[in-house]
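Asker: Sequence:
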Amino acid sequence: MNTLTKTLTLLVLFFNGFQAIAQLPGKIHVGLVYPLSTNGTRAPLDTNNLSIHLLIGVSAAERGPSFAGFSNLILKDAVGSQFAGFSNHIGGAADGAQFAGFANTYGGGKGAAFAGFTNIAHGDVKGAQFSGFANFAYNVNGAQFAGFLNYAKRINGLQLAGFGNIAIGNVGESQIAGFINKAADVKGTQLAGFINIAKKVKGSQIAGFINIADSSDYPIGIINIIKNGEKSIGLAIDETETTLLSFRSGGKVFYGIIGVGYNLKNEDEVYAAELGLGAHLFSSPVFSLNTELVATTLEDFKEADYFKSSFRLMPNLKLFKTLGIFGGPSLNFVTTNSDEGKQLYTKNFHTWHNRWGRDYNALYMGYTAGLHILF
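Those letters in the sequence shown? Residues 6 to 380, by this note's numbering.
Some clues are possibly wrong.
[Stated by the list, open to error] Straight-line alpha carbon distances no greater than 25 Å define the calculated SDA-like cross-link-like pairs of lysine to any residue that follow:
| # | residue 1 | residue 2 |
| --- | --- | --- |
| 1 | LYS352 | TYR365 |
| 2 | LYS207 | GLY167 |
| 3 | LYS323 | ASP273 |
None of these hints come from the bench; they were simulated from the model.
I would like the entire structure built from these sequences, with the hints used as guidance.
Answerer: Written as structure tokens, this is what we have:
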């Protein structure tokens, strides 16, 4: 039997198999690629209960599962699940799950969409979107999980992305991203590696660097630009004669601290910097009681290291609307490898060296006092 005969025999068997499957109860669509299928050129007009294609399947609508080695193309709506090696494309609503190696595009609907690269919904989604790179939808009642970016107009649920989450409208739960979150009103928490942006936040904003909002009582970040919050620039000195010019910013409860300064006692390690977080324990128009957890370093930009971690209790008295004074005790932990650092403050109640004997550690009580301008 020559090659041509073998090929013709296989084709006959293949199409006979198509015809046999087509005789099964319900509308079953089997084929290679349009129009080489049991529905032939009528495939874009037909609704099927089951579709199986070696490469690409085309139909008007589906009322059951669809399988394609490369892509499923459904012009209207689909009820059931779609499985494709590369992509699923549904012109209308999708009621079921979608699984694609690269992309799912659909008009919205119910169920979950799983894609290696992206999910794109042109309408509302009730369910979840999971993708290796990005998810896009209109209104989402569920969740979005992406390796890089999630985008929705509104979402009543969770957005989780490796880089960023963007919601043009409101977010019903939380946004968690490696770099940026942006939304209108947020009822849950915004957690980002660098920046959070929102209008009204009822939960917390937690960022590695900056939070921006019209209203947010619990921002946790180095810089917090809250429209109805409080900001101040202050000048302070502590027990080591380190003077610091600091910027404090936050909401009604939490605030962030960032500052730079100079040590008046040392000769080499004189350049100072501080980062920290604070909380308002009590607040009135003329007096507030705050606590602060702050890390301070002194540098000579050579080999010497000096690090101080402080817990401060900071009473604050407003002298005028925009001017206040503050001061209070602090509990401090110091670690340093320099002689200047060891002699900077010696009234310690406990000192020790690490197991290698190089770093000097100390615990002691100190103080911080200064004044600040409020705005």
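Asker: Could you run down the list of hints and mark each one as holding or not?
Answerer: Hints, one by one, checked against the model:
| no. | hint | in the structure |
| --- | --- | --- |
| 1 | LYS352 / TYR365 | holds, 14 Å |
| 2 | LYS207 / GLY167 | holds, 24 Å |
| 3 | LYS323 / ASP273 | violated, 36 Å |
The structure shown violates just one earlier hint, number 3.
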